[in-house]
Amino acid sequence: MTIVILAAILSLVFGGAVGYFLRHQAAMRDLKLQQMKGDEIVERAKKDANDIKYRARKEAKELAKEDRDEFDRYLKSKQEEAKNQERELAKRETTLERKQEDLEKEQARIVQKEDDLDAHKKKVLVEIEKYKKRQDEISQELARVGGMTREEAKALLMKEMEEAAKVDFAKELRRIEEEAREDSEKASKRIIGIAIQRFAGEYVAEKAITAVELPSDDIKGRLIGREGRNIRAFEQICGVDLIIDDTPEVVVISSFNVVRREIARQTLHKLIADGRIHPAKIEEFFDKSKTELDRHLRDLGEKAQMEIGVHGIHPEVLKLIGALNFRTSYTQNQYQHAIECAFICGAMAAEMGLNVKQARRAGLLHDVGKVLDASAEGSHAMVGADFLKKFGESVDVVHAIRAHHDEEKPQSILAHLVAAADALSGARPGARKSMMESYVSRLTDIEQIVNTFDGVSKSYAISGGREIRVFVNNESVNDEQTVILSREIAKKIENEMSYPGTIRVTVLRETKAVGVAR
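Numbered by the numbering used here, the letters in the sequence shown go through residues 111 to 628 in order.
Hints listed in this document are in silico derivations from the structure and should not be mistaken for laboratory results.
Heads up, some of the hints might be wrong.
[As the list claims (entries may be wrong)] Calculated pairs, BS3-like style, for lysine-lysine (alpha carbon to alpha carbon, straight line, at most 25 Å): (1) K500 x K413; (2) K242 x K281; (3) K168 x K188; (4) K330 x K413; (5) K231 x K467; (6) K467 x K480; (7) K242 x K622; (8) K602 x K568; (9) K499 x K413; (10) K500 x K568; (11) K500 x K519; (12) K186 x K175; (13) K380 x K391.
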């Protein structure tokens with residue numbers, strides 16, 4: 111009995127324990143399930159939060175990008191507006207500068223007109239005084255003639271008629287010369303054109319072509335290339351004509367542009383030395399030769415700049431100064447001529463107390479227009495002045511260069527100095543194609559011929575014998591007789607001398623009055 115009760119108790123206890131264990135296990139499973147569900151909910155919430163955060167960032171970036179794009183568009187529009195305003199201001203500034211230049215030119219023109227009017231007024235006053243004086247002389251002469259005999263009056267009348275006839279003859283001579291000058295212009299152009307054409311062969315051959323020796327005649331075929339490809343490329347790239355004929359081992363480069371011809375010559379030498387002749391190599395060696403020659407020209411320009419003691423000349427202008435070394439005028443090297451003009455102009459400016467460096471600068475630059483491209487319109491003085499103005503040269507220097515051949519009326523002392531230095535450099539003995547002995551002999555002969563005329567007090571041959579200045583006694587030669595005298599001197603020089611070109615005869619008559627206050 112006891113055992114049964116004990117077994118029942120044990121069975122009850124064991125059953126309760128098992129039941130408790132089973133309920134505990136079930137509770138734990140439910141708890142784990144709840145935890146898992148909670149974790150899933152938390153993960154889902156985190157994921158949703160990350161999605162929300164990602165979408166929010168994306169939306170924020172898109173908004174920021176839209177704002178930035180809108181700001182960029184606004185900034186670009188403002189910048190474009192500012193550029194338009196800047197261009198408009200630049201146009202207005204250019205227009206104002208042009209108007210200012212026009213006003214300055216107009217003001218200078220008005221000043222010149224005023225000066226001309228003043229000069230004309232003075233001239234009229236002088237003529238009035240002259241007529242009054244002549245009127246007094248006639249009155250005195252009439253009073254004197256009243257007491258003359260018939261023969262004396264006749265002789266006096268004949269003398270006055272002779273003087274009047276000479277005056278009329280001088281006036282008629284002036285009219286005939288003017289008409290002849292107008293009528294002979296066309297004929298003279300035709301005659302000069304024919305003469306130039308007949309003489310042009312030797313000069314053109316000397317000044318427009320360069321002969322290049324070849325190691326063998328086989329090079330000619332390679333220079334021509336298949337179907338003329340190489341020679342066409344060479345002429346197109348170098349801007350010259352390449353003449354290949356039957357002359358053995360020689361080709362000819364033809365061009366009036368001496369710098370371009372020199373570049374072509376160097377390019378051809380490099381092609382022959384390299385041996386590979388085709389368009390690509392032609393272009394390569396042309397660029398290389400052009401760079402080398404540009405450097406050489408700039409070095410020559412810098413050398414001239416240092417030699418005369420100026421500075422600050424633009425590199426492009428220095429290249430033009432160097433290019434003058436390839437240019438001659440009447441066989442005178444223009445590079446040396448420019449340096450010589452600079453020194454002469456500076457020396458004269460120093461004597462007059464002017465700016466020596468500015469004078470030397472103008473003298474050095476006065477002929478750079480001679481080496482500018484032939485497509486530029488106008489004389490070398492005008493073209494060179496316009497070119498230098500673009501590269502920052504001063505107004506005074508530009509005006510002096512523009513006026514050194516009287517194509518613009520000189521308005522400053524510097525302009526007169528440059529013109530004088532240019533004439534002195536070209537006219538000095540030995541500068542151009544003439545012998546020293548013939549030069550001195552011609553000047554002496556001209557002065558001797560002039561001094562044989564009555565009334566001549568002094569005579570000076572200037573400008574290399576191209577002009578003779580004749581000073582006459584004002585008591586023996588009047589104003590009208592100077593015209594006749596200049597004509598007679600010119601005629602005698604034509605008959606007794608042989609010379610190239612022309613000789614201008616200028617007769618000067620001066621009246622001086624000296625008073626002494628005691």
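Item to check | Restraint check for K499 with K413, where alpha carbons must lie at most 25 Å apart | outcome: holds, 22 Å
Next on the checklist: Between the alpha carbons of K231 and K467, is the straight-line distance 25 Å or under?
Outcome noted: violated, 39 Å
Item to check | Restraint status (C-alpha distance of K242 to K622 at most 25 Å) | outcome: holds, 19 Å
Checklist entry - For the pair supplied as a hint, K380 and K391, is the alpha-carbon distance within the 25 Å limit? => result holds, 9 Å
Next on the checklist: Does K175 sit within 25 Å of K186, going by the straight-line distance between their CA atoms?
Outcome noted: At roughly 16 Å apart (the allowed maximum being 25 Å), K175 and K186 satisfy the hint.
Item to check | Given pair status - K188, K168, alpha carbons within 25 Å | outcome: violated, 30 Å
Next on the checklist: Does K568 sit within 25 Å of K602, going by the straight-line distance between their CA atoms?
Outcome noted: holds, 17 Å
Checklist entry - Does K480 lie within 25 Å of K467 when you go C-alpha to C-alpha? => result It holds: about 23 Å lies between the C-alpha atoms, which stays within 25 Å.
Checklist entry - K242 and K281: Cα distance at most 25 Å? => result holds, 22 Å
Checklist entry - Regarding the pair K500 and K519, is the alpha-carbon distance no greater than 25 Å? => result Answer holds: K500 to K519 is near 21 Å, not above 25 Å.
Checklist entry - Regarding the pair K500 and K568, is the alpha-carbon distance no greater than 25 Å? => result violated, 47 Å
Next on the checklist: Hinted pair, alpha-carbon criterion (25 Å max): K500, K413. Please report holds or violated.
Outcome noted: holds, 23 Å
Violated hints for the displayed structure, listed by number in ascending order: 3, 4, 5, 10.
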